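**Q** In this note's numbering, each residue carries its 1-based index in the sequence shown increased by 4.
Bear in mind the hints are in silico, worked out from the structure with no lab data behind them. Here the structure is a predicted model, which means the values were calculated and not measured. Hints are not guaranteed to be accurate.
[As the list claims (entries may be wrong)] Below, in silico cross-link-like pairs of lysine-lysine (DSSO-like), each with a Cα-Cα straight-line distance of 30 Å or less: (1) 367 with 292; (2) 47 with 151; (3) 286 with 367; (4) 310 with 255.
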Amino acid sequence: ADVNYFLIEPLTVHNPQEQIVPNVASGWEWNDDYTQLTLTLRKGIKWSDGVPYTADDIMFWWNDFVLNEELTPSPHALLKRDGVLAELVKVDDFTVQFSFAKPYALFTTYLGSWGFPRTDPTTMPMHYLMQFHSSYTAAADIEAEMKEEGFDTWVDLFNFKRSNENPDNPTLAAWILNERPPQQVQTYHRNPYYWKVDTEGNQLPYISEIRTTRIADTEASLLKTIAGELDYVGIGWVGGPANLAILSENKEAADYRFAYANWMPNAYGNIMFNYTSGDETKRELYNKKEFRQALSVAINREEIVKLQYKGGVFPSQIAPARGAPYHGESDLFQSWAPYDPDLANTMLDELGLTERDEEGFRKAPNGEKLLLIISATTSWPPETPVLMELVRGYWAAVGINASVTPEEGTLWGTRHNNGEHDVSARGGHFGGGPVHPTLNGNTFALSGWQWAPEWARWLDTNGAQGVEPPDDVKQLRVLRDQILGEGDEETRNALMQQVFEIHMDNLWSIGLVVDDPRFGQLKIVKNRVRNVPTSSISGEWYPMVPATWFINE
Numbered sequence: 005a006d007v008n009y010f011l012i013e014p015l016t017v018h019n020p021q022e023q024i025v026p027n028v029a030s031g032w033e034w035n036d037d038y039t040q041l042t043l044t045l046r047k048g049i050k051w052s053d054g055v056p057y058t059a060d061d062i063m064f065w066w067n068d069f070v071l072n073e074e075l076t077p078s079p080h081a082l083l084k085r086d087g088v089l090a091e092l093v094k095v096d097d098f099t100v101q102f103s104f105a106k107p108y109a110l111f112t113t114y115l116g117s118w119g120f121p122r123t124d125p126t127t128m129p130m131h132y133l134m135q136f137h138s139s140y141t142a143a144a145d146i147e148a149e150m151k152e153e154g155f156d157t158w159v160d161l162f163n164f165k166r167s168n169e170n171p172d173n174p175t176l177a178a179w180i181l182n183e184r185p186p187q188q189v190q191t192y193h194r195n196p197y198y199w200k201v202d203t204e205g206n207q208l209p210y211i212s213e214i215r216t217t218r219i220a221d222t223e224a225s226l227l228k229t230i231a232g233e234l235d236y237v238g239i240g241w242v243g244g245p246a247n248l249a250i251l252s253e254n255k256e257a258a259d260y261r262f263a264y265a266n267w268m269p270n271a272y273g274n275i276m277f278n279y280t281s282g283d284e285t286k287r288e289l290y291n292k293k294e295f296r297q298a299l300s301v302a303i304n305r306e307e308i309v310k311l312q313y314k315g316g317v318f319p320s321q322i323a324p325a326r327g328a329p330y331h332g333e334s335d336l337f338q339s340w341a342p343y344d345p346d347l348a349n350t351m352l353d354e355l356g357l358t359e360r361d362e363e364g365f366r367k368a369p370n371g372e373k374l375l376l377i378i379s380a381t382t383s384w385p386p387e388t389p390v391l392m393e394l395v396r397g398y399w400a401a402v403g404i405n406a407s408v409t410p411e412e413g414t415l416w417g418t419r420h421n422n423g424e425h426d427v428s429a430r431g432g433h434f435g436g437g438p439v440h441p442t443l444n445g446n447t448f449a450l451s452g453w454q455w456a457p458e459w460a461r462w463l464d465t466n467g468a469q470g471v472e473p474p475d476d477v478k479q480l481r482v483l484r485d486q487i488l489g490e491g492d493e494e495t496r497n498a499l500m501q502q503v504f505e506i507h508m509d510n511l512w513s514i515g516l517v518v519d520d521p522r523f524g525q526l527k528i529v530k531n532r533v534r535n536v537p538t539s540s541i542s543g544e545w546y547p548m549v550p551a552t553w554f555i556n557e
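Please model the entire structure based on the sequences and the hints provided.
**A** Structure follows, in C-alpha cells:
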C-alpha cells in the first residue's frame, strides 16, 4: 500500500516541517481574498513515455473528467466552496488559474494532502487517456477496447486505464508498474524520464526495481519481518502497535531498524450512540451529554492500558496530533476521561436514573429495563470486542446494563450507516498535522459522519434528508467554513481550538485510549536500505523521497 503513495507526485507536498511546498507545481499566487489561485507548473517535466507534462494535462483532468457527468456524476466536495464548483482556465502552457465562489486558502494545502485532490491533476496524461474517452475517440474503437479488456461501459474502461493498476498508463513517478495486479510478487522498474535529481545532479531514483509481495495475513507478514526477509513494511501489516515488543526484540537478529512517523494518534474503542434511535426513551437519553459524560468517567482507562495493551497507548478522549499546533496531549483531551465512578453515579442519579431492577441495574426514565447493546467491530482494531467487555464491566459497576456483540467490519459499517446499531464501537481519529483535521468527517460532521450519520445527512442536504442535529453540531460546519477561507495560520488554529472544545464538551464519541503517534505509522526498515529518515516522517503526507533511498550491501 505504501508503494501507491510513492507513485504519486502531487502538485504540492508537505515537507518534514509540515509546510506546504512546490512539487510538480513550481509555485503559486493567491489574490488578496483567496478566491483566485494562479498555479505555475514546473517546466521540463515529462511523462514516463517521454511526452511533456503541461497545463493541457490538468485541463484534460478538469474538462474531460471533473466536468464529465458520466465519469464524475458529483464532483468532489474539496473542489467546491459553499457547494459551488470551482472554475479552472488555462493561462498558458505552464499556468492554470482556479477561481472559487468563496475564499479557499487551504486549497493549495489540500492539493498536497492525503487523498483527493492530491492525485488526479498529475495522474491523467491527456495524450494517452484521450484514446479511451468518448469525446475524442469513435464509439466503435472504444467498444472494441472494452470487449478486449472485459468492461461493459466506456466509463469502466476509462477508469481502469487511468488507474495505478494499468502498467501502460504513463506516470510522473520514480517507478513504473510492470504487470497488471494482482500478482504474487508485484514489480516496478525505474522511470527513465523521472524529473528529479539529487543535490549533485545525479538522476533519481537510486533503486532500479521495487518488489512487493502479497502475504496471506498479518501473522505471516510478522513472521517474515522478524525473520529479516522484508526490506520495508508498515506496522499496520504486521499486527499494529500490539506487536511492538516482539518487533523490538528481533531488531538485531533480523537486521532492521524503526522509522518513526509523526502521525495522527489512533483512538481505539471509541463508543458512539444512536442519536436518532427509533427507541424514544433511548434517543432522549443518548442525546443528553451528561449521560455520555457520566458513562465516560465510569471507565477505568488506566486499567485498560495495563490489561489490554501493556503500554504503547495513553488514556485519552479522541485527540489530534500531539505538539503544535493542536496539542493533543493537553488537558482538554482528558475531559471526562479520569476514572471517577462516584461522579458517574451522582450524574446518573441527577439524570433521574435512580430506580433499579431486580438485578440492581438502573431502569430507564420510563421505568422499563435499560439495556445498552454494543456492536463492536472485529476489524479496526480487532481487540474492540475485548475492550467493550471491559467497558461493560465498568458500566455495570455504576448500574448501567450493557451487552456486547462482535461484528465483522463490513457488516458493522453497513449497519452503523443505516442507523441499525444501538451503541457501536470501533477505532477512529481526528487526524493529525496542521491540515488533516479539516479533511476528517469526524471533526466537522461531514458526509458519512461516523458518529451521527443522520445528522450529517441533514447538514449535507440542507434539511431535505436525515435528522436535524443540535446547534453545536451545526456550529462545527460554520467553523469549518471560516477555517477553509482563513489565510492566517494563527487564526485558523484558534478556530480549530474552538472545534475541539465543542467536541470535548459534547463527547459525541467517547474515547478510551490513543496510541503513541510515533507508532501509528511506524515502518520497519532493513538496515541495508539507507537514506530512509528514522524520525520526523509525516506519515500523513509521505514527504519523504523514496527515490533517494539506496541499498548498501
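**Q** Look at each hint and say if it fits the structure.
**A** Quick rundown of the hints versus the structure:
no.	hint	in the structure
1	367 with 292	holds (16 Å)
2	47 with 151	violated (38 Å)
3	286 with 367	holds (11 Å)
4	310 with 255	holds (24 Å)
Comparing the model with each earlier hint shows a violation of hint 2 alone; every other hint is respected.
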